[in-house]
Structures are given as C-alpha cells and as structure tokens.
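Asks: Given next are the chains, with one letter for each unit.
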Amino acid sequence: MTTIDDTAFAAPPARSRPNWASGTNLILMAIGAVLIVFCIVPFGLVIAISFGQKIEGAAWEWAFTFENYQRFFVGAEWPDTVTFLYLQRLGYALWYAVIASVLAVATALPFTYLMTRLSRAAQARWLVFLLASLSLSEVFIVMGWDILLSNRSGLPALFKATGLTDWLKDVGWFDVLREWGLANPRNVKFKPSQFATILTMSYLVWPYAVILLYPALSRLDTSLIEAARTMGARPFTVARTVILPSVRLPVIGSTFLLFVFLLGTYVAITVFANPAQHTTAVSIYESVRGASLNAPFGATQAVILLITAAVFLGLGQALNRASGGAR
Amino acid sequence: MAGLHLEAISKTFGTQTAVERMDLSFGDGELTALLGPSGCGKTTLLRMIAGLETPSTGRIMLGDTDVTAQPAHKRKFGMVFQNFALFPHLNVRENVGYALTIAGVSKSEAGTRADRLLDLVQLTGFADRRIGQLSGGQRQRVAIARALAQEPDIFLLDEPMSALDAKLREEMQVELRLLQQRLGITTIVVTHDQREAMTMADQIVVMSKGRLEQVAPPDQIYNAPANSFVAEFIGKANFLRGTVRDAGVVIGDSYLPISPPPRFINGSPVQVVCRPEQITLTDAGPLMGEVVFVRDLGASREIHLTTPIGTLVAELAATMAPTTLKKGDRVGVHLPVAALHLFPDGAAPDQTAMAAE
Amino acid sequence: MLRIAGHLFMALSAVVLALPIVVVAASALNSGRTMLFPPEDPTLDRFWEFFVTETVWTTALLNSMIIAVGAAVLAVVLAWPLAYVLWSSGSKASKTLAALGSMPFALPPIVFGVGLGFFWAFLGALGTIAAGIISHGILFLALPLVTISIGLQSIDRANIEAAATMGATEAMIFRTVILPQTLPYTISGFFFALVLSFNEFIVMFFVSASAYATVTLQIFNSLRNGYTPTMAVGAITFITVSVLVFSAVARWGDLPRLMGADQSKT
Numbered sequence: 001m002t003t004i005d006d007t008a009f010a011a012p013p014a015r016s017r018p019n020w021a022s023g024t025n026l027i028l029m030a031i032g033a034v035l036i037v038f039c040i041v042p043f044g045l046v047i048a049i050s051f052g053q054k055i056e057g058a059a060w061e062w063a064f065t066f067e068n069y070q071r072f073f074v075g076a077e078w079p080d081t082v083t084f085l086y087l088q089r090l091g092y093a094l095w096y097a098v099i100a101s102v103l104a105v106a107t108a109l110p111f112t113y114l115m116t117r118l119s120r121a122a123q124a125r126w127l128v129f130l131l132a133s134l135s136l137s138e139v140f141i142v143m144g145w146d147i148l149l150s151n152r153s154g155l156p157a158l159f160k161a162t163g164l165t166d167w168l169k170d171v172g173w174f175d176v177l178r179e180w181g182l183a184n185p186r187n188v189k190f191k192p193s194q195f196a197t198i199l200t201m202s203y204l205v206w207p208y209a210v211i212l213l214y215p216a217l218s219r220l221d222t223s224l225i226e227a228a229r230t231m232g233a234r235p236f237t238v239a240r241t242v243i244l245p246s247v248r249l250p251v252i253g254s255t256f257l258l259f260v261f262l263l264g265t266y267v268a269i270t271v272f273a274n275p276a277q278h279t280t281a282v283s284i285y286e287s288v289r290g291a292s293l294n295a296p297f298g299a300t301q302a303v304i305l306l307i308t309a310a311v312f313l314g315l316g317q318a319l320n321r322a323s324g325g326a327r
Numbered sequence: 001m002a003g004l005h006l007e008a009i010s011k012t013f014g015t016q017t018a019v020e021r022m023d024l025s026f027g028d029g030e031l032t033a034l035l036g037p038s039g040c041g042k043t044t045l046l047r048m049i050a051g052l053e054t055p056s057t058g059r060i061m062l063g064d065t066d067v068t069a070q071p072a073h074k075r076k077f078g079m080v081f082q083n084f085a086l087f088p089h090l091n092v093r094e095n096v097g098y099a100l101t102i103a104g105v106s107k108s109e110a111g112t113r114a115d116r117l118l119d120l121v122q123l124t125g126f127a128d129r130r131i132g133q134l135s136g137g138q139r140q141r142v143a144i145a146r147a148l149a150q151e152p153d154i155f156l157l158d159e160p161m162s163a164l165d166a167k168l169r170e171e172m173q174v175e176l177r178l179l180q181q182r183l184g185i186t187t188i189v190v191t192h193d194q195r196e197a198m199t200m201a202d203q204i205v206v207m208s209k210g211r212l213e214q215v216a217p218p219d220q221i222y223n224a225p226a227n228s229f230v231a232e233f234i235g236k237a238n239f240l241r242g243t244v245r246d247a248g249v250v251i252g253d254s255y256l257p258i259s260p261p262p263r264f265i266n267g268s269p270v271q272v273v274c275r276p277e278q279i280t281l282t283d284a285g286p287l288m289g290e291v292v293f294v295r296d297l298g299a300s301r302e303i304h305l306t307t308p309i310g311t312l313v314a315e316l317a318a319t320m321a322p323t324t325l326k327k328g329d330r331v332g333v334h335l336p337v338a339a340l341h342l343f344p345d346g347a348a349p350d351q352t353a354m355a356a357e
Numbered sequence: 001m002l003r004i005a006g007h008l009f010m011a012l013s014a015v016v017l018a019l020p021i022v023v024v025a026a027s028a029l030n031s032g033r034t035m036l037f038p039p040e041d042p043t044l045d046r047f048w049e050f051f052v053t054e055t056v057w058t059t060a061l062l063n064s065m066i067i068a069v070g071a072a073v074l075a076v077v078l079a080w081p082l083a084y085v086l087w088s089s090g091s092k093a094s095k096t097l098a099a100l101g102s103m104p105f106a107l108p109p110i111v112f113g114v115g116l117g118f119f120w121a122f123l124g125a126l127g128t129i130a131a132g133i134i135s136h137g138i139l140f141l142a143l144p145l146v147t148i149s150i151g152l153q154s155i156d157r158a159n160i161e162a163a164a165t166m167g168a169t170e171a172m173i174f175r176t177v178i179l180p181q182t183l184p185y186t187i188s189g190f191f192f193a194l195v196l197s198f199n200e201f202i203v204m205f206f207v208s209a210s211a212y213a214t215v216t217l218q219i220f221n222s223l224r225n226g227y228t229p230t231m232a233v234g235a236i237t238f239i240t241v242s243v244l245v246f247s248a249v250a251r252w253g254d255l256p257r258l259m260g261a262d263q264s265k266t
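Protein sequence lines correspond, in order, to chains A, B and C.
The first sequence begins at 1 in this note's numbering and counts up by one.
The second sequence begins at 1 in this note's numbering and counts up by one.
The third sequence begins at 1 in this note's numbering and counts up by one.
In short, the hints are calculated from the structure, not lab data.
Positions of the beta carbon are idealized from the N, C-alpha and C atoms, including for glycine.
Incorrect hints may have been included.
Chain B is nowhere near these chain C residues, computed Cβ spacing over 10 Å in every case [claimed, not checked]:
| hint | residue |
| --- | --- |
| 1 | Ser89 |
| 2 | Met166 |
| 3 | Val177 |
| 4 | Ser222 |
Quick look at which bits of chain C chain B covers, simulated, 3 or more residues with Cβ under 8 Å [to be verified]:
| hint | segment |
| --- | --- |
| 5 | 155-162 |
| 6 | 167-173 |
Sequences are here, hints too, so could you generate the full structure?
Replies: In structure tokens:
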C-alpha cells in the first residue's frame with residue numbers, strides 16, 4: 001500500500017527520446033532491410049518457383065502454370081487418371097506429426113510439473129540435460145534409435161537374449177505383434193514401422209515440449225494447489241480441476257507449435273518409415289535434390305507444406321484467443 | 001547557491017493531471033519534505049526537479065539559472081531512489097564512485113573519494129562487497145553516498161525509508177538529518193510518513209491530488225493547519241460539524257464560543273478541529289462527556305468520549321490522567337478556545353486520502 | 001505413494017531421454033567397422049580417426065565450427081539492436097521486425113532450407129561457407145533475440161534513471177549499465193545459436209548443395225552407406241559440447257529464468 005506512489009501515473013521512462021529517434025529509425029531500417037532480404041525473399045522465391053516449369057533433362061524455367069499444383073492434388077495425368085499420391089504423403093505428414101506431438105506433450109506435461117516442484121538448482125541441472133538433448137541433431141537421435149531398434153543389435157537382440165521373444169510367443173502376443181508389422185517369423189522387428197517413426201519423432205520434440213510448458217508450470221500458483229488440498233481434494237482431482245485448467249492455453253499452444261515443427265521432419269521418416277508411407281518432406285527433397293530433379297514441383301510441395309503449417313499455427317492462435325476470451 | 005524555485009510548474013499525463021500549476025521555493029541548505037498520500041503528485045514533482053520528467057508548464061530555477069530544459073544528466077542533482085537502484089553488476093565502491101568515473105575522474109581517485117564517502121555514511125570496510133551481500137539499511141547508506149559523490153547542488157530522496165523496517169527507519173531519519181545539516185545541502189525528501197517529515201524537515205509541503213495544501217515549518221503544519229485535509233492528514237484530530245452563529249459555533253444543541261470570532265457569516269456550515277492532546281478533562285463543566293473506551297499507550301492515555309457535540313478523543317499525558325478513569329465515568333470536557341481551528345465544511349476530510357495513511 | 005510414482009516417472013523419462021545418446025556413445029568404442037551395441041572389443045581408435053587422421057571428418061568438424069561460430073556471432077549482432085529498439089521504444093515497427101526475424105525458426109525448416117537453396121543459387125553463392133553462415137545466422141536469430149530481450153527486461157529502469165541523475169549520458173548509460181547487465185544473456189543467446197547451428201541438418205543440407213560437409217551432413221551421408229563407429233564419435237563430440245555449453249550458461253546465468261521461470265521464486 002505505502003510503496004505504491006504516484007509513480008503509477010508516470011509514463012515509462014526512456015521512451016520517446018527525440019535525440020535518439022533518428023538513430024533508432026536508421027537501425028530499424030537497416031535491420032528491416034536485412035530481414036526482408038533473408039526472411040522474406042527465400043519464401044517468396046519458393047512461392048514464385050512453385051509456378052515454374054521443369055525442362056526435361058535440364059533444369060527449370062520461369063513460368064506461370066498451375067500444373068505443379070494440379071499434380072499435387074490429382075496427379076500429372078489428370079483428368080485421364082487420378083492419383084492422390086502427394087495428398088497421401090501430406091496426409092502421412094499430418095498423421096505422424098499429430099500423434100507424435102500429442103504424445104510428446106501428454107508425457108512432457110506431468111514431467112514438467114514434477115520438475116518445477118524441484119529446487120532451483122535441481123531444475124537447472126535438468127534443464128542442462130534437456131537442452132543438451134534438445135539441441136542434439138535429428139541425425140544423431142535417429143542414429144541412436146536406429147541402433148536401438150535395429151534387428152542385429154539393440155532391443156530385438158535384447159528380447160531374444162533375455163527370452164522375452166519366446167515368452168511373447170508362448171502367451172500368443174507375438175502373433176498380435178506380427179499383425180501390427182512389429183515382428184518377423186523369428187523375432188520382434190521394430191523397423192521400418194510407424195511405431196519407430198512416431199517414437200523417434202516424439203522423442204525429437206519431447207525436450208521442446210518440456211521447455212515450452214516450463215514457464216507456465218513454474219509460475220503456477222502453489223497456493224491454489226494447497227488451497228485445493230486443504231479443501232480435501234485428492235491429488236488426481238487437484239490435477240484435473242486446478243493444474244490442467246490453468247495450463248490449458250500453453251498446452252494447446254505447445255502442441256500446435258510442435259506439430260508444425262514435426263510437419264517438416266525428414267531424417268526420421270527416411271530411416272524409419274516404409275517408403276509407401278513417406279511424407280511431403282521426403283518428397284520435397286526428392287524433387288529438389290534427389291533423383292527426379294523437378295525444382296518447381298519441389299517448391300510447390302514446400303508451398304503447400306508452408307500453407308498447412310501457417311493454417312495450423314493460425315488455428316492454434318485462434319483457439320488460444322477464443323478460449324482465452326471465454327475465461 | 002540560492003535555493004531552488006519552481007515557477008508555475010505543472011504536469012499532465014494525457015488527460016490526467018498529476019501536478020497542478022504551482023509555485024514552490026526550496027531554501028538554500030534547507031531540508032524540505034514533500035508529504036502526501038499515494039497519488040498526490042509528490043513523486044512526479046520530485047522527478048521533474050531531477051529532470052526525469054519534463055514539466056508540462058513552468059520553469060525550474062536553480063538560483064538564477066533556468067534548468068528546465070536541462071536533461072537529468074546535465075543537472076548536478078543527486079538522487080536516492082525508493083528501491084535505491086544500486087547497480088547489481090558493480091561493487092559498493094564502484095557504485096559510489098560511479099558519478100566520478102562518468103565525469104572522467106581516474107579510477108584510483110574515484111576509489112579514494114568513494115572510500116571517504118563510505119566513511120561518511122559509516123560503511124568503512126564495505127567497499128569491496130557486492131550489492132547482493134548488503135542489508136536494506138546498508139544499501140540505503142550506499143545509495144546516499146552514491147548520490148552525494150558528485151557534490152550535488154540539490155539532494156533528492158524518493159521515499160528513502162520505505163524499504164527499511166520501522167526501528168531502523170527512525171534511526172536513519174535522525175542520522176540523515178544530521179548529515180544533511182553537516183553538509184548544508186539543499187535537500188528534498190518525498191515521503192508519505194508524517195512522522196518522517198516532522199523529524200527531518202525545515203519546511204513541509206503537504207500535497208493532495210496534485211495540489212498544494214500547505215507549505216510551512218513542521219510546528220505550523222501541526223498547530224495551525226491551513227485546512228481540514230492538513231489537520232486530518234497530520235497527527236490525530238477531532239472533527240466536529242456545526243454552523244456559525246455570532247462569536248461561536250452551534251453543534252447539535254450546544255454552543256461553542258470561538259475566540260477570535262470566526263470569519264464566517266452566520267449560518268455557514270463549518271468543521272471545528274481540535275487536537276486530542278489539547279483537550280483537558282475536569283470533574284464537572286459546561287460540557288459533560290461519558291467515557292466509552294480508555295487506551296493506555298504507556299507515555300499517554302487516550303480517552304474516547306461521547307458528548308452532546310459528538311464523539312471526542314482526548315489524549316492525556318500519563319502523569320495527568322487519573323488512572324481510576326474507566327468506562328462509564330462522566331467527566332467535564334474542556335476544549336481550550338485557542339486550540340480550536342475552524343474550516344468551511346464541504347471541503348470535508350477526504351476519506352480516500354485517509355485510507356492511505 | 002504418489003511421490004514415489006512421480007520420482008519413478010522422472011527417472012524413467014531420464015532413462016528414455018538418455019538411452020539413444022548412451023547407445024550412440026557406446027557404439028563409438030567398437031573396434032570393428034560395424035556399429036554394434038553393446039560394443040565389441042572396446043577401443044578409442046575411432047576418436048583418433050575422427051579428430052586427427054580421417055580428413056573427411058576433420059574437414060567436416062572444421063566447417064561445422066566455422067559456420068556455428070560465424071552464425072552465432074551474426075545472430076547476436078543482428079539481434080542486439082533489434083532487441084534494444086524493441087525494448088526502448090516498443091514501437092509497432094520493431095515488433096513487426098522481431099516477428100519477421102523469428103519466422104524462419106517457427107516454420108518447418110525444410111521450407112526455409114529449400115527457399116535459401118534457390119536464394120543462394122540466384123546469387124551464385126550456393127555451396128559457399130559464407131552462405132552457410134548467413135543462413136544459420138538468420139535461422140537462429142530468434143534465440144539471441146529472446147535471451148537478450150529477457151536480459152533487457154530484467155534491468156531495473158530506476159538503474160537507468162539513477163545513472164542519468166549521476167551525469168551519465170544515454171551512450172554512457174548504455175556502456176556502463178545496460179551492456180554489462182545484459183552480458184550474461186547475450187552470451188547465453190550466442191551459445192544457444194552456436195549449439196543449434198552445430199547440430200542443424202536440413203537447412204545446411206540445401207544450402208551446402210554437397211559442395212562441402214559439416215559433421216551432421218557427413219554423418220547423414222555415411223548413414224546411407226551404413227554406419228561406422230567413427231560417426232558415433234561425432235555424436236559424442238556434440239553432446240559433450242552441448243552439455244558443457246549449457247552447464248556454463250547455468251553456472252554463470254540464471255537458466256531457469258532464461259527458460260521463463262518466475263523471477264521471484266528462488
């Protein structure tokens with residue numbers, strides 16, 4: 001009460017210093033120019049080239065044709081034959097990304113909550129570990145899981161050696177695994193499979209999920225939880241009625257962000273997914289750098305991926321705003 | 001140096017008026033307290049003097065020099081901030097020597113002078129400490145030393161005691177006042193604490209809602225409040241409502257003579273203000289009251305009374321008050337004519353302002 | 001009961017998180033040319049190959065380091081004035097620019113990679129190290145932008161006013177108050193950009209156009225030709241660098257606060 005004085009009246013200081021305004025504007029203009037060149041132009045080029053034309057056996061040329069888009073949605077031979085190959089690839093991209101991001105957030109949420117209850121020093125140690133794992137290249141993570149899941153070493157060998165495979169055969173679950181494509185006649189087999197793909201993708205963004213949820217959970221008012229406890233709520237009820245509602249927005253926001261991030265996953269898909277179940281990202285690579293060498297079509301797919309990402313990012317924001325307004 | 005003068009100064013933020021147009025003088029070598037409840041504009045006034053806020057109108061004169069257009073760094077005004085604003089990345093010596101280093105004084109010279117200032121505020125030996133290792137009181141001393149390092153023309157303090165606990169606060173008030181007198185530096189202290197203002201100031205400026213209520217030395221502020229706001233804000237006071245008739249005031253069924261006769265026309269609604277310690281109790285008298293509550297404060301005793309003219313509180317020195325006085329007793333209540341102050345009613349004491357105290 | 005379940009859950013998370021890293025690291029000890037886990041006949045020869053004898057790997061390591069350091073410097077240099085203008089003026093233009101600068105990081109990197117591939121091809125700089133540095137500098141601009149902004153926001157505005165009343169001009173305040181107080185945050189931002197650039201794959205893949213390889217690219221190339229334990233040494237290098245860097249950030253900066261924890265709780 002007494003410490004709040006009429007400083008509340010005062011406008012924030014250091015603002016609107018006239019002698020610096022011109023210098024500030026110059027800096028802003030210089031950085032603006034750099035950002036426009038490097039952030040806007042590359043995306044602009046992708047969009048422009050997506051309307052270009054491939055020249056057989058050579059490169060491509062500027063044009064304004066919707067052929068590439070037609071090819072993406074209904075195939076190159078349309079209207080004679082229709083193929084949804086590329087739409088299907090986009091579908092797989094969405095499917096992997098949805099499952100992996102939801103899985104990551106769902107497991108990261110309780111973890112992050114528990115972590116924020118630790119001492120500040122312990123939190124710092126966990127954060128070092130998480131950040132180290134977060135910054136680890138997709139290439140290494142895929143490599144690690146590849147070794148772990150490969151048939152010659154790792155988990156299948158472990159299953160065999162410990163007799164777990166035989167036990168699975170005995171109880172009959174082995175046949176279920178075979179039906180799911182997670183076993184060959186002799187042993188369990190984890191790759192290629194959707195299981196391995198989604199597991200790795202989920203692992204890939206899990207530290208991100210923790211980092212994204214961390215601010216909200218660490219600012220969670222503990223007195224609310226304690227109040228609920230004193231009123232006789234059980235831990236589960238507290239989680240459902242106090243913790244979850246107060247972190248709903250960050251949870252939704254994080255899921256959307258990770259989902260968008262995962263839409264472009266490349267290495268994990270090429271290593272773990274069946275070729276028939278590859279995604280748009282792989283397709284983009286093939287067109288731009290790979291065998292088919294069709295840069296305009298690669299650009300088209302990149303544009304569609306970009307639009308998909310933007311739509312979902314916007315959707316996430318709208319959802320956040322809607323539920324934020326309803327509160 | 002001939003003191004600091006504000007001429008027709010005012011400050012508005014958008015449509016909000018923080019400080020209404022006012023003239024104010026701060027005597028050379030004197031300590032002035034800007035006193036008022038939260039949001040009364042006292043901090044804005046101080047910030048304008050420091051150059052951290054640009055006045056909407058008026059001039060700030062340091063002696064004969066107009067400093068209105070000078071930015072804060074051009075004015076040689078030392079300021080102590082409410083939270084002290086010590087630099088966390090510098091140690092105590094570097095904090096105190098900051099103004100000197102900025103002015104281009106060599107590092108060793110700045111260090112020596114900083115150490116001397118630390119002696120002055122009784123922090124000898126603390127020079128190499130980090131700010132985080134200091135207590136609130138030590139931080140305040142560092143802030144004071146730091147503000148004095150540039151040998152400022154004017155010394156400004158924004159609520160300097162608010163971050164200290166009650167006991168330390170009183171000690172520091174006396175210490176700061178002694179230091180200020182020793183240095184003979186023109187000083188302005190913003191405070192919401194009337195005891196702090198009374199302890200330290202040569203002159204008190206009482207403000208409310210961006211307006212000046214009274215500018216006077218402490219004893220006058222207390223004994224001759226200019227209006228009911230000042231009477232209410234400074235110290236304790238009994239407020240009685242009545243109407244003027246001839247040489248007195250009618251309150252309820254009673255008539256209270258006033259001397260000298262009130263300068264109000266007959267029938268004007270007025271407030272009669274009387275300090276509790278000026279009321280005396282007798283065995284019997286023209287005005288009788290019933291004791292409803294007795295509060296023993298050690299050095300004095302507070303007697304709450306109901307009388308025909310309203311509820312009154314009397315404060316008697318412990319040696320003067322009969323210890324046998326208890327609830328339900330009937331006593332004569334004497335209000336000395338000279339101790340009564342009359343203010344027009346309508347400018348009733350501001351309840352929201354009171355809540356801040 | 002619930003507390004034990006909580007600890008178990010955290011332990012399990014730690015194990016799963018560490019599992020692939022441990023496996024990759026252990027594979028580096030294989031003496032043969034094939035990746036096996038657990039390793040057969042452990043040896044440290046692979047480390048010797050990675051750091052000294054095999055030029056493919058040493059060149060890749062050098063490229064990675066040049067690009068990571070260059071990109072991190074560039075990102076900080078671009079982010080600093082932007083964060084400063086954003087903080088001191090809060091103008092709409094600066095907010096738009098900050099959003100623009102964060103865009104490449106928020107969208108799927110493969111799209112930005114394809115775009116940069118075209119961009120550098122047009123400028124005739126595709127496959128140059130400089131193109132790699134600039135691309136990563138822009139991509140990771142968002143990281144120092146965030147950390148420096150957090151640092152600037154943590155400065156007590158009264159500190160700045162205090163400096164002004166003690167005679168410091170705007171430029172002096174910047175040098176003596178703002179810069180030293182935001183230094184830990186600037187360093188954090190630099191290291192975040194450094195480590196992520198070191199590990200980045202897809203953008204570098206399009207920008208390098210196979211003209212040169214960084215360690216991640218070299219590993220990806222080898223990945224298609226089958227694993228060699230030497231690759232795993234690369235992985236160990238990366239994880240070691242990351243842990244060291246983030247430990248340093250945690251030691252000299254306030255990592256929980258940097259990650260958005262409430263300032264008041266300690």
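Asks: Next, verify each hint and record whether it holds.
Replies: Do the hints match the structure? See the list:
no.: 1; hint: Ser89; verdict: holds, 18 Å
no.: 2; hint: Met166; verdict: violated, 4 Å
no.: 3; hint: Val177; verdict: violated, 6 Å
no.: 4; hint: Ser222; verdict: holds, 47 Å
no.: 5; hint: 155-162; verdict: holds (count 5)
no.: 6; hint: 167-173; verdict: holds (count 4)
In summary, the structure is inconsistent with hints 2 and 3 from the numbered list given earlier, while agreeing with the others.
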